[in-house]
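Trainee: Residue numbers (our numbering), protein chains in the order written: chain A, 1 to 201; chain B, 1001 to 1225; chain C, 2001 to 2187.
No lab work stands behind these hints, which were simulated from the structure alone. Be aware that one or more of the hints could be misleading.
Below are the DSS-like pairs computed for lysine-lysine, each with C-alpha atoms no more than 25 angstroms apart in a straight line [to be verified]:
| # | chain 1 | residue 1 | chain 2 | residue 2 |
| --- | --- | --- | --- | --- |
| 1 | A | K132 | B | K1071 |
| 2 | B | K1093 | A | K2 |
| 3 | A | K132 | B | K1067 |
| 4 | A | K132 | B | K1101 |
| 5 | C | K2051 | A | K132 |
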Amino acid sequence: MKTLYVEGDTFLHRLSPRPKLLGLAAVSLTLFLIHSPAVLSGAAILGGFVYASLRLGWRQSWLRLRPIVLTIAIVALFTLAFNGPHDALVAATRLTALAFFAAVVTATTSTGDFIDEITRLAMPLERLGVVKAADIGLSIGLVIRFVPEILSRYQAIRDAHRARGLRPKPLTLAVPLIILTLKNADEIAAAIDARGIRAQK
Amino acid sequence: MDIRFEQAEARFEGRTVVHPLTLSLTERRIGVIGLNGSGKTTFARMINGLVLPAAGRVTVNGFDTVKDGDKVRGQAGFIFQNPQNQIILPILKEDIALGLKSRKLPKADTEKAVEAVLARFGIADLGERRAHELSGGELQLAALASVLVTRPDILIMDEPTNQLDLRNRGLVERTIHGLEENVIVISHDLGLIAGFDRILLFHEGRLAHDGVPAEVIARYHELAA
Amino acid sequence: MTTRDLVLAALFAAIIVALGLVPPIMLGFIPVPITAQSLGVMLAGVILGAKRGGFAVLLVLLLVAIGLPVLSGGRGGLATFASPTAGYLVGWFFAAVVTGYCSERFVDRSQTGIVQITGFFLAALLGGVVIDHALGVIYLAYVTGTGLSTAFIGDLSFIPGDVLKAMIAALAGRAVMVGYPLLPQRA
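Only chain A is shown next, with the shape it has when bound in the complex:
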């Protein structure tokens, strides 16, 4: 599955996930405490610079940022209409800065590193008996593993509909898809247990 991680060797790439996530949290908190459009604009520009330093190129950057830029623009216009230019500018610059910094963390941290970090963070929860840390990586792996199978199954169901001259509708596609997929759960779970993957160490 394509990820939003971008290969590279910058300082941020080499930094481990935890300081980046903590830094992002700190930056986010600060941005929400600032209400000056001037400072927030500065933050947005700074964020833009850091993002640009990753050298993704204009097209890639636009593809990644477009959805959130559009959302921010719509929301800013909305705020402009109801609350006036000051609030609109504050909202727009704050959200843009947030988006840039968040996108930078995503682009410089691989999914594997993220999963390792989440597993480490879950260890104290494991001691409390809430969750098993290793289950998180296993579950994520399971999802990524089976998405392509489910997509194939979806195509097959849709093709079967078409072959019978039926127009595919959400209900008649979703129900068989769900039942056929979930029916495999018992065997998959048995295979996992038979291999002792979730056994207590």
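Given the structure of chain A, go ahead and fit chains B and C onto it with the hints provided.
Mentor: Okay, now just chains B and C, sitting in the frame of chain A:
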């Protein structure tokens, strides 16, 4: 190999699926046959502890399936019918390495073990591939690799070739015949088990016949008629 | 969590991801395209119940957070949690839990089809519309500095589509319960 059933019985939702059974399995190649609903699948799952006996007990190489389930599953690997449902991580190598995770080996040793087991089944070049790109036969071989990488003494297989086409079926059959491990196979495919040391025939939850392939298969044909 | 529950949740998370890859449908009378993913969230609650449905959605959110483009339109990464609509996204988790909890309480196999569908519809409405939109509106209001009522006006146009999804989820929930019942949770 020393598998023992001591008056072991299996129930499901109040119904007896396998009546109290006492037997001992030591042969290298054992087949299990029977009609659908005869209890053969439950019997197989009682061996590795996926199904626990409601009465009596089952031991595998000295380990009780109830008290030492984890050790039992370390002794006996299990292959299921649907190849897609056994490889659970996106990339083959990672899935196979999963079985070794509890041993906490250094990364290089894990990689060597994974490569060795892939080579053993002739699928070394599939290591980096994604599971959903592979054929049923390739996935069953991958499942074998994932289960045998921990070198269990016994391998139980539940209808391993049922969902495979003819070519893949032949591939998996040849592989089974070449296995060094002790193998117990449940199968509707009588050709697969015809050369085995011993065959168990289940019927309505009981062991209806137990002996050499020729006679047991003949008895099966009678029951199925 | 039993292995079976973990697998059920993971498979459903995969279904929600797959639904994100299905192109949005335009229904004539609603000006907003209907994306299938939020339908998937309601379905998770209705079919798997609170714990497994909640975990399924949590997995989807984790996938987004670690940088996989699994949201409809290929969106993903931490930036989506920085978006003004992040309240709706995080709200998905609470929506699935509430829908699941209500489904487990309101619906059982002994009821007639109509009663089951009504129960599922209410559950999906409470979770997928009331809770999710409430959280979405609250965060939107906070992040833009507009009042709650203003943010709610922006939210209005999305409500009809989600009510329709709740209906679809209810019908699907009933059909799945007939074909492969998973509620009430078996041990």
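Trainee: State for each hint whether it applies.
Mentor: Hint check:
The hinted pair formed by A/K132 and B/K1071 meets the criterion: a straight-line CA distance of about 21 angstroms does not exceed 25 angstroms. Proposed proximity of B/K1093 and A/K2 is supported: the alpha carbons are some 19 angstroms apart, at most 25 angstroms. Among the hinted pairs, A/K132 with B/K1067 is consistent with the structure: their alpha-carbon atoms are about 22 angstroms apart, no more than 25 angstroms. Proposed proximity of A/K132 and B/K1101 is supported: the alpha carbons are some 15 angstroms apart, at most 25 angstroms.
Annotation: proposed proximity of C/K2051 to A/K132 holds, straight-line Cα distance about 15 angstroms (limit 25 angstroms).
Checked against the numbered hints above, the structure breaks none of them.
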